[in-house]
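Letter by letter, the chains look like this.
Number of protein chains: 2
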Amino acid sequence: MAIEIERKFLVDYNKWQAADKPVGSKLKQGYIVDDENRTVRLRIAGTAAHLTFKTGTTGITRNEYEYEIPADDAAELFTQFVKTSLEKTRYCLTHDNKLWEVDVFEGDNEGLIVAEIELDSEDEPFMLPPWVGQEVSGDTRYYNSSLSVKPFKSW
Amino acid sequence: MAIEIERKFLVDYNKWQAADKPVGSKLKQGYIVDDENRTVRLRIAGTAAHLTFKTGTTGITRNEYEYEIPADDAAELFTQFVKTSLEKTRYCLTHDNKLWEVDVFEGDNEGLIVAEIELDSEDEPFMLPPWVGQEVSGDTRYYNSSLSVKPFKSW
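Those protein sequences? They're chains A and B, same order as listed.
Using full-length UniProt numbering, you'd call the opening residue of the first sequence number 1 and step up by one each time.
Using full-length UniProt numbering, you'd call the opening residue of the second sequence number 1 and step up by one each time.
It is worth saying that the hints were derived from the structure and are not from the lab.
Computed from a predicted model, the values in this text were never measured in an experiment.
Glycine residues also receive a C-beta, built at the ideal position from the N, C-alpha and C atoms.
Any given hint could turn out to be false.
Stated by the list, open to error - In silico SDA-like pairs for lysine to any residue, Cα to Cα no more than 20 angstroms straight-line: (1) A:83 <-> B:56; (2) B:54 <-> A:84; (3) B:54 <-> A:79; (4) A:54 <-> B:50; (5) A:83 <-> B:54; (6) B:8 <-> B:127; (7) B:83 <-> A:116; (8) B:54 <-> B:129; (9) B:83 <-> B:149; (10) B:28 <-> B:114; (11) B:98 <-> B:127; (12) A:54 <-> B:43; (13) A:54 <-> B:75; (14) B:28 <-> B:143; (15) A:54 <-> B:52; (16) B:98 <-> B:120; (17) B:8 <-> B:135; (18) A:54 <-> A:116; (19) B:83 <-> B:146; (20) A:54 <-> B:73; (21) B:54 <-> A:52; (22) B:8 <-> B:119; (23) A:98 <-> A:23; (24) B:8 <-> B:129; (25) A:8 <-> A:135; (26) B:54 <-> A:72; (27) B:28 <-> B:125; (28) B:54 <-> A:82; (29) A:83 <-> B:8; (30) B:54 <-> A:64.
To be verified - Label pairs and their computed distance ranges (CB to CB): (31) A:37 <-> B:17: 40 to 50 angstroms; (32) A:76 <-> B:108: 29 to 39 angstroms; (33) B:56 <-> A:67: 18 to 28 angstroms; (34) A:92 <-> B:110: 47 to 57 angstroms; (35) A:66 <-> B:92: 43 to 53 angstroms; (36) A:149 <-> B:141: 56 to 66 angstroms; (37) B:23 <-> A:66: 30 to 40 angstroms; (38) A:123 <-> B:108: 29 to 39 angstroms; (39) A:76 <-> B:18: 28 to 38 angstroms; (40) B:76 <-> A:6: 33 to 43 angstroms.
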């Protein structure tokens, strides 16, 4: 089990477009369980696939349990067990020695770009990259599980 | 992914008591998902724990995807993700060169003993052990997922 402490920010589209970026990776993820306080997620990224159990979906700290599974299984489980899903391209980059993950959403969530930073403690200080805008850490609408049910374009 | 073809029978209590038996192993299992056509099961057997995804819960053939996970994680996931659960002691033995699994249920399912044989095809012939009674393969009440919701003693 891992403790995940994350803060989440909206990303300015124009500044992000103009920024130097690494190559992104396509992610397809779906939810097998999506209750108020727990999710079971199936994520497929190329030939890698993971099952992730998360609890405590309030605040910025969660328990996370993650297991890699065979990609062939994942494709079948996705069809048979996933209730709601989304796709995005993820860019991983460092700013001020901290890792940021920037998700550019697709499909019904197109237009939404979200940046996340993983912290070692809830009060850890960090520098904001220039393309980062409003913080949305506490906003449940931006949970990926929520976006798979009520996508950005429907807001 | 594995194909699971199983037939299930009630076991005669007195004949089973009188039979030569191997040592049994305690199983604790709970359901994270329990829909009509799919289940996600978490099973803990001593220090081993598995997540099992099953589909096609009609007839005697199912698709099964199983992954071992760390026992420490399993104990935490059991508390946080399992909705309904049951406990039983499982005895594995061979009869006429086929493996039989006999489950002696506990708690609210006490009094119920069920034997299962795994087959290579739906029409494979096999010999019945002397302690085997009525076949219940098609009876959804005897699905372990059902027994975790509506236990035997409540029938």
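Report task. Just pull the numbers of the violated hints for me, sorted ascending. Result -> Going through the list in order, the structure violates hints 7, 8, 27, 29, 30, 35, 36, 38, 39 and 40 and respects the others.
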